[in-house]
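**Student:** Letter by letter, the chains look like this.
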Amino acid sequence: MAVHADPSASELPVSPLLDVSRLVVEIDTLQGPVRPVDGVDLRIEAGEIFGVVGESGCGKSLTALSILGLLPRPQGRIRSGSIRFEDQDLARLDERDLRRIRGNRIAMIFQEPMTSLNPVLGIGDQVAEALVIHRGLSRRDALAQAIHLLERVGIADARHRAHDFPHRLSGGMRQRVMIAMAMACRPKLLIADEPTTALDVTIQAQVLDLMDDLKAEDGVAVLLITHNFGIVAERAARVAVMYGGVVVEEASTEQLFEQPRHPYTHGLLAAVPQLGRRRDGMRPHPLSEIPGMVPNLARPAPGCAFADRCALRVEACLRERPPLAAVAPGHRVRCHVTGVSAQ
Amino acid sequence: MGTLLVRRLAALVPVILGVSVAVFLMLHAVPGDPAQIIAGQEASVEDVAQVRHSFGLDQPLAVQYARFLSRAVVGDFGTSFRTKRPVIDEIGDRYGYTLLLGAAAIAFAVAVGILVGVVAAVFKHSWVDNVCLLVSLVGVSVPNFFLGLLLMLGFSVWLQLFPLTGADTAWHVVLPAVTLGLPSAAVIARIMRSSLIEILGNDYIRTARAKGLPEWLVVGRHALRNALMPVVTVVGLQMGYLLGGAVIVETVFAWPGLGRLTVQAIAARDFPVVQAAVLVLAATFVLVNLLTDLVYSILDPRVTLS
Amino acid sequence: MLGTCRCVAVLAALALGITPVAAQTPKGTLVFASGGDADTLDPHFILERPDVRVSMHIHENLVNFDQNGELKPELAESWSVSDDRLTWTFNLRKGVTFHDGTPFNAEAVKQSFERILDPATASPRRSIASVISAVKVIDEYTVALITDKPFAPLPSQVSMFNLAIVGPAAKTPGADYARKPVGTGPFKFAAWQVGEKITLVRNEAYWGPKPAIERIEFRVVPEDSARVLQLMSGEADVIANVPPAMLPQLKSSSAVKVIQETSFRTVLLGVNNKIKPFDDLRVRQALAHAIDTSSLVKGVLRGIPKHGGGIEAPDIPGARKDLPPYAHDTAKARRLLAEAGYPNGFSTTLMTPTGRFMNDRQLAEAIQAQAREVGIDIKIEAPEWATYNTLLNKREVPLFLSTKGNPTGDLDLTMHLVAHSAGQMNFYNWKNPKADQLIETQRGTTDREQRYALLSEIQQSFYDEVPAIVLFYDAQLYAARSNVTGVRVQPNETVTFTHVRKN
Ligand SMILES: Nc1ncnc2c1ncn2[C@@H]1O[C@H](COP(=O)(O)OP(=O)(O)OP(=O)(O)O)[C@@H](O)[C@H]1O
Ligand code: SF4
Ligand SMILES: [Mg+2]
Chain A
1 MAVHADPSAS ELPVSPLLDV SRLVVEIDTL QGPVRPVDGV DLRIEAGEIF
51 GVVGESGCGK SLTALSILGL LPRPQGRIRS GSIRFEDQDL ARLDERDLRR
101 IRGNRIAMIF QEPMTSLNPV LGIGDQVAEA LVIHRGLSRR DALAQAIHLL
151 ERVGIADARH RAHDFPHRLS GGMRQRVMIA MAMACRPKLL IADEPTTALD
201 VTIQAQVLDL MDDLKAEDGV AVLLITHNFG IVAERAARVA VMYGGVVVEE
251 ASTEQLFEQP RHPYTHGLLA AVPQLGRRRD GMRPHPLSEI PGMVPNLARP
301 APGCAFADRC ALRVEACLRE RPPLAAVAPG HRVRCHVTGV SAQ
Chain B
1 MGTLLVRRLA ALVPVILGVS VAVFLMLHAV PGDPAQIIAG QEASVEDVAQ
51 VRHSFGLDQP LAVQYARFLS RAVVGDFGTS FRTKRPVIDE IGDRYGYTLL
101 LGAAAIAFAV AVGILVGVVA AVFKHSWVDN VCLLVSLVGV SVPNFFLGLL
151 LMLGFSVWLQ LFPLTGADTA WHVVLPAVTL GLPSAAVIAR IMRSSLIEIL
201 GNDYIRTARA KGLPEWLVVG RHALRNALMP VVTVVGLQMG YLLGGAVIVE
251 TVFAWPGLGR LTVQAIAARD FPVVQAAVLV LAATFVLVNL LTDLVYSILD
301 PRVTLS
Chain C
1 MLGTCRCVAV LAALALGITP VAAQTPKGTL VFASGGDADT LDPHFILERP
51 DVRVSMHIHE NLVNFDQNGE LKPELAESWS VSDDRLTWTF NLRKGVTFHD
101 GTPFNAEAVK QSFERILDPA TASPRRSIAS VISAVKVIDE YTVALITDKP
151 FAPLPSQVSM FNLAIVGPAA KTPGADYARK PVGTGPFKFA AWQVGEKITL
201 VRNEAYWGPK PAIERIEFRV VPEDSARVLQ LMSGEADVIA NVPPAMLPQL
251 KSSSAVKVIQ ETSFRTVLLG VNNKIKPFDD LRVRQALAHA IDTSSLVKGV
301 LRGIPKHGGG IEAPDIPGAR KDLPPYAHDT AKARRLLAEA GYPNGFSTTL
351 MTPTGRFMND RQLAEAIQAQ AREVGIDIKI EAPEWATYNT LLNKREVPLF
401 LSTKGNPTGD LDLTMHLVAH SAGQMNFYNW KNPKADQLIE TQRGTTDREQ
451 RYALLSEIQQ SFYDEVPAIV LFYDAQLYAA RSNVTGVRVQ PNETVTFTHV
501 RKN
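Residue numbers (my numbering), protein chains in the order written: chain A, 1 to 343; chain B, 1 to 306; chain C, 1 to 503.
FYI, nobody ran anything at the bench for these hints, they're computed from the structure.
On a predicted model such as this, the values are computed, not experimentally measured, just so you know.
Even for Gly, the Cβ is constructed at its ideal location relative to N, Cα and C.
Below are the DSSO-like pairs computed for lysine-lysine, each with C-alpha atoms no more than 30 Å apart in a straight line:
(1) Lys171(C) <-> Lys84(B)
(2) Lys27(C) <-> Lys210(C)
(3) Lys502(C) <-> Lys180(C)
(4) Lys84(B) <-> Lys110(C)
(5) Lys332(C) <-> Lys274(C)
(6) Lys431(C) <-> Lys276(C)
(7) Lys84(B) <-> Lys394(C)
(8) Lys321(C) <-> Lys434(C)
(9) Lys180(C) <-> Lys84(B)
(10) Lys94(C) <-> Lys72(C)
(11) Lys332(C) <-> Lys306(C)
What the simulated footprint calls covered on chain A by chain B, stretch by stretch (three residues with Cβ under 8 Å from a Cβ of chain B suffice, anywhere in the stretch; the number is not a length):
(12) 103-113
(13) 129-135
Could you build all of it, start to finish, from the sequences and the hints given here?
**Tutor:** Below you can see the structure in the form of structure tokens.
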């Protein structure tokens, strides 16, 4: 197959559901503005589960939040780049238009089920709220529908539990409520930011199974952010690996695990030996740290962000930022050394 | 809930009993012979003895207390040493005014405090916030009587919007209530601000925003109720302050409230009135706290009255 | 600090010229604002001035004082005493009715006196009437008061506010007379909003000249500055107890006028004659010479009150006008102290009330400073009023600031209280058998000049033996809107609005 001049354009289906391109997020800190997201590219197809992995602080959550325009205010903002979703650039929408999308076309669930629900409102009301806002339902009708949704996510006796307050529910139950809430308006995209990290293992599997079911039934695409390679391996069709505010490698799950290219991905997988046997029913393992320092946001390196920790580093790595280049169909890598197409 | 309420009300009894004993002992311990004070300097020895006897003050303390208690149980608090009127009437005349002033002051404090606090929190670190901060600083630091006189000068003498003193019409309550309530409003505003800022940083606020709720709903529906909880506690505590501050405000504005009556009664060693007034104030305080807990339990489903 | 702040706020307003012509009180209504709440309007129970001010517009006495301190007929048109000086006969005014329509007559007078005398009534001022042993109805309009011993000051005694004639309604059980008084006076009781105001309305059936105003509102405004503001803004027509600091500003305003009247009240530094070293006359004299009363009046009291040396205010009929204050002479004071065995002075305690009379606390401090000049080291104690009174009654405090007024304008009343060894207000422990004797004798002396001569002697002894150091005679400070005339501030510390006109 020929090398394409612009790998980001033609190798993938023409119009992805979500296309994040060169997204830069700036946050004001006491030390001055920093860029925790510094040129992220992501493409998510309708109906797929797309995994994003990367160690803590690499910018996963900020990327997710910028899609919904929920960056911390007033200190955070999208500096540049675009977020195309169904023919709109979310990065350029004003607050009002974004509000029409939030919880409606794109929904999000968060890591901490214990704190993500409002303790003083009944869970039924919290689920119903989006229906009132986006569908114009009366509170009564919305509540009736919320009860259906709660049933659907597996809350037993939903009719009565709908009036319960969150503190009466277990962590797994709450995450189910969060999912019901997110699914209320049948969104096209569900962003799940570490949805199971806080749950114990059996519950994790149940919640992930639920998301799989919803994907199958509603055709919703899922942006699944996690620390856990095991989860990605089991659930995602495609994966992006993030490091220091950029995507360093993007591929189908198969490709990534069988032919990892980026030195950082290698390091991650090497630290997780069981991954080779991921289909053996082994439980997924968390992402381990690899030696070296996490990049300093306040003083970003001019070249490759991973250069400090990279064994393959060449001279260009310190000077020049590597581009995200296609090495195979659907497989892109950001590296001066390994990012060269292997024909 | 109903039985809990009854139980909480029953807990009032020992409190009231304890207060009554404490007040009784204190009144008899402080120097100042009521008979002498009531009769006046120029009264003859016989006059004073006559007065002392007519008040029953020549009886042993235990007998006096027992008599007080046995009457109080059936709602008879005796007659005022000074005015010879039933204490119930003396207190009754004033209590309504105190409640009116207290309620108006707390309503003002809560309304203004919450409004200013919310505005400051929503616009935190902006000039709006700074103005709110400055106003609340002034609010807590200006003494009551001075504030009262300033308001009189500004709103009564100069602008002639409100009457100076007295309690004839509804307009009369405005300036005293503002004077009494302003320091509390300032405290409430500060608590409201910091509480709301803290609550707005919570995960469930992010959830609410992610749902597509407009900001006013996020603040009004999801943040405010949670942020109000520390405010409710503070309001409960401010009630105590209000009861104290009422004396000065009632004096400055010639408001015929219970605070002024109590201070006068203490100065005149009008024991029956002091006893009853303190009991009424204590009961009010306990009830207000119960009310605070009730509001709290309504605001926060995790809390029950216990 | 507190007081200063208050004054500053009001002075600032006055200085800024914030003195608008406010919504004036209705033409027929006089609004009087004073600091004190009334406790009772039943004359037989009245102890305090705010009560007197109201009651004396509702009730009348058999006899009363006129503006010049002379006795004048009120409910009695004339009176005479029997030859044995034990029976006082009063000829009553005819055609007078109480506010409830019951006729005023000898029976009503009898009932009124018998009420205060009856121990069951439990009047705290029974002693005022106790010289009267019987009341006899001679006929419908003639009544006799009988005493066991001759009592010359009886006519002035019955002018005392406690001996005003109460209506027969007072007898009805449960009538709550204290709240619903029924007198014969020019004004009728109308309403009492406790702690706020008492309203009186004109008695259209009044026997005498009817007042020009239709209503009086006695308003309670405890805060001094608030009262001044009320006057300035026109919400009040007359105010009592003007703070001296605000006098110059009020005087310079054309909208209001200051009414300054002398009073029968003597402010004095009491000395406990039983406690060492004050049992020694020379020490008391030394203290008197150490104190410079004219500088106290000028410095602490802005020169408002008059000063003198006699125990009775010189305006009281029969009072000595010729007793000067002890000369301020520190050398003499030191010499007297040395003679008494205190060449290096001594330490003692001075008790003062706070806020009971004009600048009392500051006065105590000024005295402390003056006494230090001659080596007397004074420690000031300022307990609250009730405690102060109790301590005063124990008569164990060496020095104390105190006052004595005179409600009837007759020297007998106060001389007996203050100078008699059994006098209830003899806080000085002053015992002078001759004075006791003179007090008794004058009571039996109906000839006025003769009686005054006896009383003069007592005043001289009091002056010579210095059981107390007279500081000054109090001034009464009222202020009124300038359209108000006819406010009569009496030296016995009452105020009459019966003759008020508003222009
Ligand atoms: N409000 C903020 N102010 C300043 N810095 C922030 C803020 N939010 C995030 N950051 C910084 O931005 C970087 C990326 O944060 P982000 O939350 O996106 O990381 P993450 O990849 O989601 O990590 P984790 O796995 O721990 O959730 C972090 O270094 C973090 O310190
Ligand atoms: S660009 Fe250079 S430093 Fe960065 S990962 Fe590739 S080889 Fe390593
Ligand atoms: Mg995160």
